[in-house]
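Residue numbers (numbering that gives the first Met the number 0), protein chains in the order written: chain A, 0 to 127; chain B, 0 to 127.
No lab work stands behind these hints, which were simulated from the structure alone. Each statement offered as a hint is correct.
Footprint (simulated), chain B over chain A, 3 or more residues, beta carbon under 8 angstroms: (1) 17-26; (2) 60-69.
On the chain A side, residues computed to face chain B include the following (Cβ under 7 angstroms): (3) VAL29; (4) TYR74; (5) GLU76.
Taking beta-carbon pairs under 8 angstroms as the criterion, some of the chain A residues facing chain B (in silico): (6) THR30; (7) VAL31; (8) ARG78.
Ideal Cβ positions, reconstructed from N, Cα and C, are used throughout, including at glycine.
Protein chains: 2
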Amino acid sequence: MPISDDSRALLEQPIFASLATIGPDGHPQVTVVWLHVEGDKVVFNTAAGRAKHRNMEADPRVTVLLLDPDNGYRYAELRGTVAMTEEGGDQGIDDLSMKYLGKPYPFRREGETRVQIEMDVNSEHWMG
Amino acid sequence: MPISDDSRALLEQPIFASLATIGPDGHPQVTVVWLHVEGDKVVFNTAAGRAKHRNMEADPRVTVLLLDPDNGYRYAELRGTVAMTEEGGDQGIDDLSMKYLGKPYPFRREGETRVQIEMDVNSEHWMG
Numbered sequence: 000m001p002i003s004d005d006s007r008a009l010l011e012q013p014i015f016a017s018l019a020t021i022g023p024d025g026h027p028q029v030t031v032v033w034l035h036v037e038g039d040k041v042v043f044n045t046a047a048g049r050a051k052h053r054n055m056e057a058d059p060r061v062t063v064l065l066l067d068p069d070n071g072y073r074y075a076e077l078r079g080t081v082a083m084t085e086e087g088g089d090q091g092i093d094d095l096s097m098k099y100l101g102k103p104y105p106f107r108r109e110g111e112t113r114v115q116i117e118m119d120v121n122s123e124h125w126m127g
Numbered sequence: 000m001p002i003s004d005d006s007r008a009l010l011e012q013p014i015f016a017s018l019a020t021i022g023p024d025g026h027p028q029v030t031v032v033w034l035h036v037e038g039d040k041v042v043f044n045t046a047a048g049r050a051k052h053r054n055m056e057a058d059p060r061v062t063v064l065l066l067d068p069d070n071g072y073r074y075a076e077l078r079g080t081v082a083m084t085e086e087g088g089d090q091g092i093d094d095l096s097m098k099y100l101g102k103p104y105p106f107r108r109e110g111e112t113r114v115q116i117e118m119d120v121n122s123e124h125w126m127g
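Start from the sequences and build out the full structure, keeping to the hints where you can.
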C-alpha cells in the first residue's frame, strides 16, 4: 500500500530505526537499521547470513519503528513484508551510507555479501 | 539471569526503548516504552487491553532494544519473558512518570487499568 507523507518525511531523514523480525524459535528479534524510502518501498540492507537475514528468509514479516527525532512521543510503526536480493546489495549499502555518513560504506568485512531488502508496507500505526 | 552493568547503566536513564511483542497473527509488533530496572528485572507498564498487553498475555516472550543516547551505533538487545500484574500497576506508572516527566502520570484515561510488567532477561546482545 502507499506510504503516508508523514512516514515518508521520517524515512527521508537519517534516523536510526528499529527493525523487528521473528527468530527461529518465534522470539522477536530487534536491531537498528539505516533505511530509506524508494517509491512505496522501505529499503534497507544487511549482510548475508546475519541473524536478521536468516529470520527474514524464514519469515518475511517485519515491523519497523520510526521515532520522530524532534519528538520522542511521536512515532510510526510500519508493518509489512520484505523481499530480498543480492542484486544491487553492494550499491544499496553505499547509497545508505552516503545518506547516513556522507561517504561509501566503510565497514565492509572481507568476503561479505550485501543483501538489499525492500519492504512493502501493509499497515501504519501512529502514536502522538 | 543477571542484568549486565552496561545494560543497567542504560536502563537507569530515561531512554525511549523499543519493545517488540508477537501479535496474534505472528507478526512482530513494536512500540515505545518507558522502562526502569529493579534488581534483575526490567520493569515497564501498560494499560490493560492494549494490543501489546493482549500480545504478552498470549505469548510472554518479548525483546527490548536500548539505544545508547550518547552513541547511536551502540545498543543492547535484551530478550526475555514477562510476568504481568495489575497489583502495583497504578504506582508503577507514576514511578515511571516521575523518572521521565518528573511528575505523576498525567495521561491516565477514564476507567483505565494499569498493568505492571516485569521482564526476566534471558540474553543480551550488544552492538557497538
